[in-house]
Amino acid sequence: MHGTGSFHEDEILGKAYDAHLMGRLVKDLLPYKGSLGLSALLLLSASLLQILQPYVIKLAIDRHIAKGVLSGLGLLALLYLVALAFEHGLRALQFYVTQSVGQKVMSDLRIRMFAHIQHLPVRYFDRNPVGRIMTRLTSDVENINEMFTSGLVAVFGDVLMLLSIVTAMLLLDWKLSLVTFTVLPPLYVATEVFRKKARASYRLVRTKLARLNAFLQESLSGLRIIQTFSKETDRLRRFEGINREYTEAGLQSIFYYAIFYPTVELLSVSAVALLIWYGGGEIVRGALTLGTLVAFIEYVQRFFAPVKDLSEKYNIMQAAMASSERIFELLDTPEEPGWTTCGRPVEKFSGRIEFQGVWFAYHPGDYVLKDISFTIEPGEKVALVGATGAGKTTLVGLLSRFYEPEKGSIRLDGRDLKELDLFSLRRQIGLVLQEPFLFATTIEANIRLREEVPRDRAYEAAKVVGAHRFIERLPLRYGEEVLERGALLSMGERQLIALARALAGDPDIVILDEATSSVDPETEYLLQKAVAKVLDGRTALIIAHRLSTIHHVDRIFVFHKGELREEGTHQELLQQDGIYARLYRLQFDGHAMS
Numbered sequence: 009m010h011g012t013g014s015f016h017e018d019e020i021l022g023k024a025y026d027a028h029l030m031g032r033l034v035k036d037l038l039p040y041k042g043s044l045g046l047s048a049l050l051l052l053s054a055s056l057l058q059i060l061q062p063y064v065i066k067l068a069i070d071r072h073i074a075k076g077v078l079s080g081l082g083l084l085a086l087l088y089l090v091a092l093a094f095e096h097g098l099r100a101l102q103f104y105v106t107q108s109v110g111q112k113v114m115s116d117l118r119i120r121m122f123a124h125i126q127h128l129p130v131r132y133f134d135r136n137p138v139g140r141i142m143t144r145l146t147s148d149v150e151n152i153n154e155m156f157t158s159g160l161v162a163v164f165g166d167v168l169m170l171l172s173i174v175t176a177m178l179l180l181d182w183k184l185s186l187v188t189f190t191v192l193p194p195l196y197v198a199t200e201v202f203r204k205k206a207r208a209s210y211r212l213v214r215t216k217l218a219r220l221n222a223f224l225q226e227s228l229s230g231l232r233i234i235q236t237f238s239k240e241t242d243r244l245r246r247f248e249g250i251n252r253e254y255t256e257a258g259l260q261s262i263f264y265y266a267i268f269y270p271t272v273e274l275l276s277v278s279a280v281a282l283l284i285w286y287g288g289g290e291i292v293r294g295a296l297t298l299g300t301l302v303a304f305i306e307y308v309q310r311f312f313a314p315v316k317d318l319s320e321k322y323n324i325m326q327a328a329m330a331s332s333e334r335i336f337e338l339l340d341t342p343e344e345p346g347w348t349t350c351g352r353p354v355e356k357f358s359g360r361i362e363f364q365g366v367w368f369a370y371h372p373g374d375y376v377l378k379d380i381s382f383t384i385e386p387g388e389k390v391a392l393v394g395a396t397g398a399g400k401t402t403l404v405g406l407l408s409r410f411y412e413p414e415k416g417s418i419r420l421d422g423r424d425l426k427e428l429d430l431f432s433l434r435r436q437i438g439l440v441l442q443e444p445f446l447f448a449t450t451i452e453a454n455i456r457l458r459e460e461v462p463r464d465r466a467y468e469a470a471k472v473v474g475a476h477r478f479i480e481r482l483p484l485r486y487g488e489e490v491l492e493r494g495a496l497l498s499m500g501e502r503q504l505i506a507l508a509r510a511l512a513g514d515p516d517i518v519i520l521d522e523a524t525s526s527v528d529p530e531t532e533y534l535l536q537k538a539v540a541k542v543l544d545g546r547t548a549l550i551i552a553h554r555l556s557t558i559h560h561v562d563r564i565f566v567f568h569k570g571e572l573r574e575e576g577t578h579q580e581l582l583q584q585d586g587i588y589a590r591l592y593r594l595q596f597d598g599h600a601m602s
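All residue numbers for the sequence shown refer to the working numbering, where the first residue is 9 and numbers rise by one.
For the record, the hints were derived by calculation from the structure and aren't laboratory data. Cβ atoms here follow ideal geometry from the backbone N, Cα and C, with glycine treated the same way.
SDA-like mimics (lysine to any residue), calculated; alpha carbons at most 20 Å apart, straight line:
1. LYS205 to LEU259
2. LYS378 to GLU362
3. LYS356 to PRO462
4. LYS183 to GLY294
5. LYS356 to GLU385
6. LYS183 to ALA281
7. LYS183 to SER278
8. LYS316 to ALA266
9. LYS183 to SER276
10. LYS183 to ILE284
11. LYS204 to THR215
12. LYS415 to VAL130
13. LYS356 to SER432
Each pair of labels, with its calculated beta carbon distance range:
14. ALA74 to LYS41: 46 to 52 Å
15. ARG573 to THR255: 55 to 61 Å
16. GLU240 to ARG118: 37 to 43 Å
17. PRO529 to THR255: 53 to 59 Å
18. TYR592 to MET499: 24 to 30 Å
19. LEU56 to ILE262: 35 to 41 Å
20. ALA100 to SER432: 52 to 58 Å
Please model the entire structure based on the sequences and the hints provided.
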């Protein structure tokens, strides 16, 4: 069981900044440019108030404390307090505005992604696990939200603060500024080394976490097999190894931060020490005031805080760029052709189906349907028979346009499916899958999935298929809430509801994919009687492994290794003594032995 690599492609980190991706992300911000402008104004105002505070201290020292003048000192103290209070108030308001914009943008993005996902071709979901798609809508969107609210805005604020502090220092005393700037080269080197080490370390942590998650998912999914074969000790040993690697990667990341932050603090203290040494000498010589030196020390201490903050935001930007790349890859996936092109809407079909030289492959060159040609007349009932993997389910998937044929054409009432409006096509097809899917809502809502279906028709459909009897015994009857996937209902009850749902839409074509293979004999008997009545006058394709259920059909198509090998009625195929006759004897002999 080696499945620990399945998450890796989702954990690859991107650049900390990608102009193309950032440009696409900015488009999502445009509807909220007013709020963003307000946020920038609040941030600028807060930065100016923070820059003002050391200057107020300078004035207090030089004009009052150093000269022993108390008059006006209280006013400066009050000004300092007001500046500090307003700064924090503006930052709180800016935080709220920014977070609000972030939440709205992410909500818009999730809705756009969900709407797009619903129109993606089935082939996309064959290639991408559900967990990966859910990650796009949740974790990846949250990474972008964090970049907007904690990364991008914080970077803008930190850069603005650094520029403001440098400007204030140069205006206050350019000589002291040059002394302070002597620590910038080692600060740049330390930051650059940390950035490279942190990037590699963060990538390693994400990779090890991906392996840990994949192993946990595999182990929990296969827990019954693990217990059956007594592999608990072996799996625990492997988990300990993977967990140890993840822990070591985390400790390595912590080590780099533990080195970098004290280094920045040391450089900050060094800058202050240089100021005291040089500035103290200037004060003694009368070339500098004490207030200016104290203000400079304040500015230096405030200068290094954004530097540390910027280094923290680097990984946030990296993760967000990688997430945005994956999100836009999903959004750039073409939708089903029928949703993006205007086909011919059709209200009703007579139900004449033609396959003309149809070939289809899930993987290039590996054809699961080979040169399939047949015609089904309106109202005809046809059973599709064959071993697992013969191509039966693929064929009905092509008819519903979940897939497009590689070669050949499929025609409905003489018109190519590609020319038809996808919505109106599927509206006239009633599909019942082998594993019926119910949504977490009421039974009535599950039957009336098509909004235009009236309540009385839904109830009538339930009566026809025999679902009405068990529904009436439920406390809330048709208003009974169904748990996710209909967990509290039996397989037979779920199939009856699925049949009622298909029939309530009054389709012209009905597809039953193993529809009665999982119900008890009594339910199957009642179901077959109901289905026979409902299919009257409709074209029907029935996929069944149990050949005893399809004696009533007009024709039987026998598939073998992607080819249509035999065609005829039940009796005709038995007389041919071919694949169908062999399958029938195998099932008959098996039932006789049991």
